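In the order they appear, the protein sequences are chains W and L.
Plus 1 on top of the position in the first sequence (first one is 1) and you've got my numbering.
Plus 1 on top of the position in the second sequence (first one is 1) and you've got my numbering.
These are computed hints drawn from the structure, not numbers from a lab.
Warning: the hint list may mix true and false statements.
Since the list gives no way to pick one copy over another, a pair counts as held whenever it fits inside one copy or between any two copies.
Unchecked claim - Restricting the straight-line Cα-Cα distance to at most 20 Å, the calculated cross-link-like pairs of lysine to any residue (SDA-like) are:
1) K136 x S126
2) K319 x Y80
3) K389 x L357
4) K407 x A188
5) K66 x R227
6) K203 x G214
7) K374 x H333
8) K203 x N218
9) K136 x A98
10) K84 x P301
11) K81 x T327
12) K203 x A256
13) K81 x T141
14) K84 x P325
15) K66 x N218
16) K374 x E237
Note that the coordinates shown come from a computational prediction; the quantities given were computed from them, not determined experimentally.
Single-letter residue listing:
Protein chains: 2
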Amino acid sequence: MKSDLDRLMQERGFDTIVVMGLAEGNHTLRYMTNGAVITEGIVIKQHDRQPVLICGPMERDEAAKSGLTVVTYADFDLYKLAKELGNAFEANLHMMAAIFERYQVTGTVSFNGVGDPGRSFMMLSRLSEMLPTIKITGETETGIFDEAYATKDAQEMVAIRTIAGHTNTVMGEVVDFIKRHEVRDNALVKPDGKPLAIGDVKRFLRGRLLEYGLEDNGETIFAIGRDAGIPHSRGEDGDPLKLGQSIVFDLFPRALGGGYYHDMTRTFCLGYAPDDVRRAYDEVMHIFNDVMEALAVGEPCRHYQEMTCDFFEQQGHKTLQSDPSTTEGYVHGLGHGLGLEIHSRPRLNAVSDETLRPGQVFTVEPGLYYPDKGFGVRIEDTVYIDEKGEVHSLTLFPKDLVIAMK
Amino acid sequence: MKSDLDRLMQERGFDTIVVMGLAEGNHTLRYMTNGAVITEGIVIKQHDRQPVLICGPMERDEAAKSGLTVVTYADFDLYKLAKELGNAFEANLHMMAAIFERYQVTGTVSFNGVGDPGRSFMMLSRLSEMLPTIKITGETETGIFDEAYATKDAQEMVAIRTIAGHTNTVMGEVVDFIKRHEVRDNALVKPDGKPLAIGDVKRFLRGRLLEYGLEDNGETIFAIGRDAGIPHSRGEDGDPLKLGQSIVFDLFPRALGGGYYHDMTRTFCLGYAPDDVRRAYDEVMHIFNDVMEALAVGEPCRHYQEMTCDFFEQQGHKTLQSDPSTTEGYVHGLGHGLGLEIHSRPRLNAVSDETLRPGQVFTVEPGLYYPDKGFGVRIEDTVYIDEKGEVHSLTLFPKDLVIAMK
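So that you can see chain W by itself, here it is in the shape it has in the complex (with noise of 0.2 Å):
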């Protein structure tokens, strides 16, 4: 959590981390201006001292809410020293300059946050030129920051469970109006005659989102059929949604702007269950609960993926383990850690080298796949594991397979 990062600046030998960028898909930076909503910035956040952020002079008012001291680009002359020098990259390598005298920077400095490759590349060696008593680093594995996210905060908990209960809530307001509709010939359709499709069933969901203030960007994946059997399709809006089919609605969204995200997986067949989709959905149900039943803290997370593997190949099916290359049977990961990103540590895969550790918040997500028999099936928790290492999931909402249609 955010308290970790002096303790972890000094296990890695950093006097100073820096988070830079746009504020696009830059969790880093709004993790360290506390969800302030700037276009960009950058935090300098030295050892034992607070960070400082250093923004657009427009942008003093939103960045004032991050509780940071706040200083702007204009206090360093940005504009100026793009005007003398006729070059923006000039300009602000000469702005990170004068930056680390004001601050009197030392030592090594990691950089973090969001930018292009090619220019980070060619601007982090310029400044290692520049400032030859300065040695700048940055992270190639498990990084300050996955570290510092891998646990949360009370404060950050408060707006996890939040988000949580009002995921939980959409997903049972969609089964409902799914629940609403009429079948006609093994097909649900809408009052005016029409099928009902994946579309309407997003549009409806995105409208409830917004009620809630939440998004998805558009990411939701409800999938059905064949599409349900490929874990990343996210399905196709003109589908229409029909009766033995097997539907996997995996559902992730976030605060509206960003924030938290909660994620969570439901299968579903409206109507009834083909026995395959049973079947499957009774084995991906029992090593969920096993795996559950097994999460301690100081377990390697690696051990988890593990089990699952073990498990589905006793059932016949290929995984990741007997098959890396395999697009049927299980085929992905069990799980991640998520926060202000949908990804994040720990991740319980075959490679992670985490064990795990009170405060962590992550999903267990088995399933099977059988795109070329027509069907997929996942069920996914976000769980917490609290301070006594006590395991909670904080996705209530039922695991019943099928639907029942009026």
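Since chain W is already given, all that's left is putting chain L on it; use the hints.
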């Protein structure tokens, strides 16, 4: 436009461009994948050859929608590499080297996209060492995609005109919504007698955007009074709509989940306009019309910012030209290009080195800001220069300051 890429590569001496990173906020990846929605990917574009998309095997179906040749990480044994090396960073480095070998990449390679700045620095430094015969580089000023983005092709203009139409329609629906409210004690009230607040307007707005398949990511500016005097203040949800106060309504949605933007601003006063707001409004409209009249292919973009500053200074206002740190008067650039990102080339500001060209789509948005006097004014259209060099506004919504209340 996209068809310029080979020429632009040749001009810069780039044999290959690589576009990489997570998809979120990665306009360049979206541009190259023609809008296909994948989580992350790598596009390799060699000179005079069609681009190739490399992504996770789970996303192969979505990736195929790009129309590009799709190859997956599994084809490059990424998962085996990660297991052998025990290190995702090294595995990705080796995969990149293997990709370069497979496609016989030689010469100069420029990297683009989105990434963590420190990690990009480490990765491209290491790749330079591993592949000493290849020159790894990035762009620091106007990049190849900045150039490509700056002009739009016919296919892009279809999407741009569609979103322009929808955005103008929604602006009208919001104005109608506001007008339907009763006035009591100089403020608008809802049917239940409670004050109509900015949050109510934004909730209505977002519902309407959704109907047209648009999203605002919570970023719409609807700011009243003093907040209208701070260009990037978005307005406070709890603030009531009062008569006689300037409202800056800056609406810049895009297609749900990402796509082309439209950007427009209108300033409104409900019921009546105070003299100082009216005077500022007339001045802003005066220079807006002068600029629209003066826009001409071949002219330096800088010219229009200077023209606007000169005019406002003649009227007795401070500008960034007369006082770079001013927070009142005219405090920003005149406009910016837009496309898949909200701010791109051309830039109509004091440091721009660009000229107006056919195919450009950009905003014209003069404004005057007096936070301490409790008001601000801005007018913004998105304009397009057609292949004949004629300038068209895509923002046809009327420019009336006062919204008459019943």
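Here is how each hint holds up against the structure:
Taking the shortest alpha-carbon separations for K136 and S126, both the intra-copy value of 11 Å and the inter-copy value of 14 Å come in at or below 20 Å. For the identical chains of this complex, K319 and Y80 are inter-copy neighbours only, at 16 Å across copies versus 60 Å inside a copy, given an alpha-carbon limit of 20 Å. In the homo-oligomer, the alpha carbons of K389 and L357 lie at most 20 Å apart inside one protomer (12 Å), although the nearest pairing across protomers, at 63 Å, exceeds that limit. For a Cα distance limit of 20 Å, the shortest separation of K407 from A188 inside one copy, 12 Å, qualifies, whereas the shortest one across copies, 49 Å, does not.
Taking the shortest Cα distances, K66 and R227 sit within 20 Å of each other only across copies (17 Å), while inside one copy they are farther apart (47 Å). Proximity of K203 to G214 under the C-alpha cut-off of 20 Å is found in both arrangements, the shortest distances being 16 Å within a copy and 11 Å between copies. Taking identical chains as interchangeable, the C-alpha atoms of K374 and H333 lie at most 20 Å apart only when both belong to the same chain, with a minimum of 18 Å there against 58 Å between chains. In the homo-oligomer, the alpha carbons of K203 and N218 lie at most 20 Å apart both inside one protomer (11 Å) and across protomers (17 Å), since each shortest distance falls under that limit.
For the homomeric pair K136 and A98, the shortest alpha-carbon distance inside one copy (13 Å) is at most 20 Å, but the shortest distance between copies (27 Å) is not. Only between protomers do K84 and P301 lie at most 20 Å apart by alpha-carbon distance; the minimum there is 16 Å, versus 55 Å within a single protomer. Taking the shortest Cα distances, K81 and T327 sit within 20 Å of each other only across copies (13 Å), while inside one copy they are farther apart (58 Å). Taking the shortest Cα distances, K203 and A256 sit within 20 Å of each other both inside one copy (17 Å) and across copies (15 Å).
In the homo-oligomer, the alpha carbons of K81 and T141 lie at most 20 Å apart only across protomers (19 Å), although the nearest pairing inside one protomer, at 36 Å, exceeds that limit. Taking the closest pair of Cα atoms, K84 and P325 come within 20 Å of each other only across two copies (11 Å); inside a single copy the shortest separation is 55 Å, beyond that limit. Proximity of K66 to N218 under the C-alpha cut-off of 20 Å is restricted to the inter-copy arrangement: shortest distance 19 Å between copies versus 25 Å within a copy. Taking CA atoms no more than 20 Å apart as the test, K374 paired with E237 passes inside one copy only; the shortest distance there is 18 Å, against 52 Å between copies.
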